[in-house]
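Student: For reference, the chains in residue letters:
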Amino acid sequence: MRGSSIRIENIGKQFGTCTALDNVSFTINNGEFFSLLGPSGCGKTTLLRIIAGFESPSNGALFIDDVNALSIPPNRRATNTIFQNYALFPHLSVYENVAFSQRLKKVPKSELDRKVNEFLDLVKLVSEKDRFPAQLSGGQKQRVAIARALINQPKILLLDEPLSALDAKLRQRMLIELDAIHDKVGITFIYVTHDQQEALSVSDRVAVLDGGVIRQIGTPVEIYEHPADAFVANFIGETNYITGTVRQVLDADHILVEVEHLGAISAKTKNDVAVGSSVSITLRPERIDISAEVPRQQSGHVNVLKGNVDEIIYSGFQSRYFVKCGGMIIKAHRQHATNNRAEETPIRWNENAYICWRADDGYIVEAVRQ
Amino acid sequence: MKRNPGPVYAAPLALWLTTLFAVPLVIILLYSFMVKGTYGGVVARFSLDGYRALFNPTFVAAALSTLLIATVSSVCMVLLALPAAYHMARSRHKNVYLLLVIIPFWTNFLIRIYAWIAILGNNGFLNMFLVHIGILADPVQFLYNRNAVILVTVYTYLPYAILPLYSSIEKFDGSLLEAARDLGAGVVQSTFRVLLPSIRGGIVTAILFTFIPVFGAYAIPQILGGSDSLMLGTVIARELTVTRNWPLAASVSMLLTVVTTTGVVMLARYNRSATPDDGKSAKEGSGT
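Chains U and Z, in that order, are what the protein sequence lines are. Count along the first sequence from 1, add 91, and you get the number used in my numbering. Count along the second sequence from 1, add 1, and you get the number used in my numbering.
The shape of chain U in the complex, shown without the other chains:
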């Protein structure tokens, strides 16, 4: 690996009276594809700009490979940035854009030419090298920005919402390419995005930020399957959010929760929760099975609720059902391809249906008002 590790210690940033970052601390490993994910205004771009050196924090310390980096100006840091709007130099050709950092370093002509062509080849743009940025498509501009940053051989590549200006299909393709480039160059990538799909699909680890605070850091699976709190659960993917009172502790990691108008449901918990306290359960729609008939008895802690189908949204590979149970709407997704249930009674709008899930899939995210 030719990357660098980054240690962020207690970094805070105030803009006037507004707190953009509130004493954030974490470590990014050498060679990692690390995403900073959060809604706009959560502080993720500010953090990226602090790492790049465009912004200095109000307090805290930043270490790149265990060296204090805050006193190093951006032009001498081992970081390079892919800007949200690409920030290509409009007066320079593709070739000269990519060659920019090498010309500053006074790299000899023959080596410069070889390097520029090597990196143009990496992003498949050799044929466009004499064009100007205004003559390129969005995807091509993106590639120039990548080549221009990578030719400088940074140890850390900072990507500030790099795909937000591209259309959905191109975004998918660029994402796959970015992942391939990351594997190839082996340096640390720090990827800022508000799009949870992007973050989940390519990252080694994801940090979820909100209001200048880190809500959770983990692998995409950890964040999706075991959200640390209600914010993360809501922000990442779709979820059902059920609040109730603990009625009974069933065994070491299951409790029975009394939900108003809905009845008692069992759920999984990691921590000890006192009987009588309020808890929130998050339940992914795809973990809920839906059927028109009473589901067969299953072993273990299983919840079955009867409700009325309020809405069905057909979207090709799956259907999304909105089922009204005891005054609340529960979302359930069902894939079409995997379920060959032709003999089954179809689920119809405005008719009764049964939803069913294993208690282990209902996850306690926070205990409110202890």
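For the record, the hints were derived by calculation from the structure and aren't laboratory data. Note that the Cβ used here is the ideal one computed from N, Cα and C, for glycine as well. Hints are supplied without guarantee of correctness; some may be wrong.
[What the hints assert, rightly or not] No more than 35 Å apart at the CA atoms, straight line, and that leaves these computed lysine-lysine pairs for DSBU-like:
1. Z:95 with U:260
2. U:275 with U:397
3. Z:172 with U:206
4. U:246 with Z:95
5. U:397 with U:415
6. Z:172 with U:196
7. Z:95 with U:215
8. Z:172 with U:220
9. U:361 with U:275
10. U:200 with Z:172
11. U:422 with U:260
12. U:206 with U:275
13. U:215 with U:260
14. U:200 with U:275
15. U:200 with U:215
16. U:220 with U:197
17. Z:172 with U:197
[Unchecked claim] Residues on chain U that point at chain Z, a partial pick, calculated with CB under 10 Å:
18. 166
19. 249
20. 277
Knowing the structure of chain U, use the given hints to seat chain Z on it.
Tutor: Quick look at chain Z alone, frame taken from chain U:
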């Protein structure tokens, strides 16, 4: 078929320019090739006397002096206007600054020139102040020389340099400077390699907007100039009103017109050759 209403819209301006610009220009051109009348005016007979007189050492000196004053003033103005315009365009108080730049126009041009006499004259504020605090024993002659003309010219025409620079810097994407810094450029390198080339159009406009009026200046050298700062504008006025050699005045005018037009064409060409052609844009979406 769609009708193009362009000519209709352009008609009023075309009429205006034809009657008040093109026709007078032709008249001046014709006069420059005629013989001078005894009491002013011209005699309608072909002659090159007007142009022959241009090679008279006095006129050559005036032409060179004009070129020098216009060039030095124009360069000074662009150099002064660049940082000012940059600060204005990046400031949160843009509109206040714009107002401040425009406010001098509210006072009459001549009054502002005479105000400089009150400041720089032998009994002016500056001399009185310098004598008072003991830097000077006696007042110094600040006025009636080339430096005074350049100083007041720069003062007068500075807004014409600031405004085009301001508008091009305001459109300039500041993240390009961050990108340059990110790629290893220092502050000076990012200014010369990214900022200045990107606002080249504004710089060219600022040069044109200052050089052309200064090249034809009349009032400032007339009021504040001396023997070392004779300018072509002053020559034209003298030939027209005092010496009454209209063909000569017309030929000097033609010289001014040719020089400024050539300058405009050359700079416009330079500017166009440096701007990438957007016409052949790639089709969006064809990523690979």
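Student: Next step is simple, just say for each hint if it's right about the structure.
Tutor: So, going through the hints one by one against the coordinates:
The hinted pair formed by residue 95 of chain Z and residue 260 of chain U fails the criterion: a straight-line CA distance of about 41 Å is larger than 35 Å. Proposed proximity of residue 275 of chain U and residue 397 of chain U is contradicted: the alpha carbons are some 52 Å apart, above 35 Å. Proposed proximity of residue 172 of chain Z and residue 206 of chain U is supported: the alpha carbons are some 33 Å apart, at most 35 Å. Among the hinted pairs, residue 246 of chain U with residue 95 of chain Z is inconsistent with the structure: their alpha-carbon atoms are about 40 Å apart, more than 35 Å.
For a cut-off of 35 Å, the pair hint linking residue 397 of chain U to residue 415 of chain U stands: about 9 Å separates their Cα positions. A hinted pair counts as satisfied when its Cα atoms are at most 35 Å apart, and residue 172 of chain Z with residue 196 of chain U qualifies at roughly 29 Å. Taken as a hint, the residue 95 of chain Z and residue 215 of chain U pair is broken in the structure, with Cα atoms around 43 Å apart against an allowance of 35 Å. A distance of roughly 26 Å separates the Cα atoms of residue 172 of chain Z and residue 220 of chain U; the hinted pair therefore holds under the 35 Å criterion.
Distance hint between residue 361 of chain U and residue 275 of chain U is unfulfilled; the C-alpha atoms sit about 39 Å from each other, more than 35 Å. Annotation: proposed proximity of residue 200 of chain U to residue 172 of chain Z holds, straight-line Cα distance about 34 Å (limit 35 Å). With a C-alpha separation of about 27 Å, the suggested pair residue 422 of chain U and residue 260 of chain U falls inside the 35 Å cut-off, and the hint holds. The hinted pair formed by residue 206 of chain U and residue 275 of chain U meets the criterion: a straight-line CA distance of about 16 Å does not exceed 35 Å.
For a cut-off of 35 Å, the pair hint linking residue 215 of chain U to residue 260 of chain U stands: about 18 Å separates their Cα positions. A threshold of 35 Å between alpha carbons decides the hint, and for residue 200 of chain U with residue 275 of chain U the separation of about 26 Å falls inside it, so the pair holds. For a cut-off of 35 Å, the pair hint linking residue 200 of chain U to residue 215 of chain U stands: about 22 Å separates their Cα positions. For the proposed pair residue 220 of chain U and residue 197 of chain U, the alpha carbon gap of about 20 Å is at most 35 Å, so the pair holds.
At roughly 31 Å between alpha-carbon atoms, residue 172 of chain Z and residue 197 of chain U fall within 35 Å of each other, so this suggested pair holds. Interface restraint check for residue 166 of chain U: the shortest CB-CB distance to chain Z comes to about 5 Å, inside 10 Å, so the restraint holds. Look at residue 249 of chain U: its Cβ gets to within about 9 Å of chain Z, closer than 10 Å, so that hint holds up. The beta carbon of residue 277 of chain U comes no nearer than 21 Å to any beta carbon in chain Z, farther than 10 Å, and the hint placing it at the interface is violated.
In terms of the numbered hints stated before, the structure departs from hints 1, 2, 4, 7, 9, 20, listed from lowest to highest.
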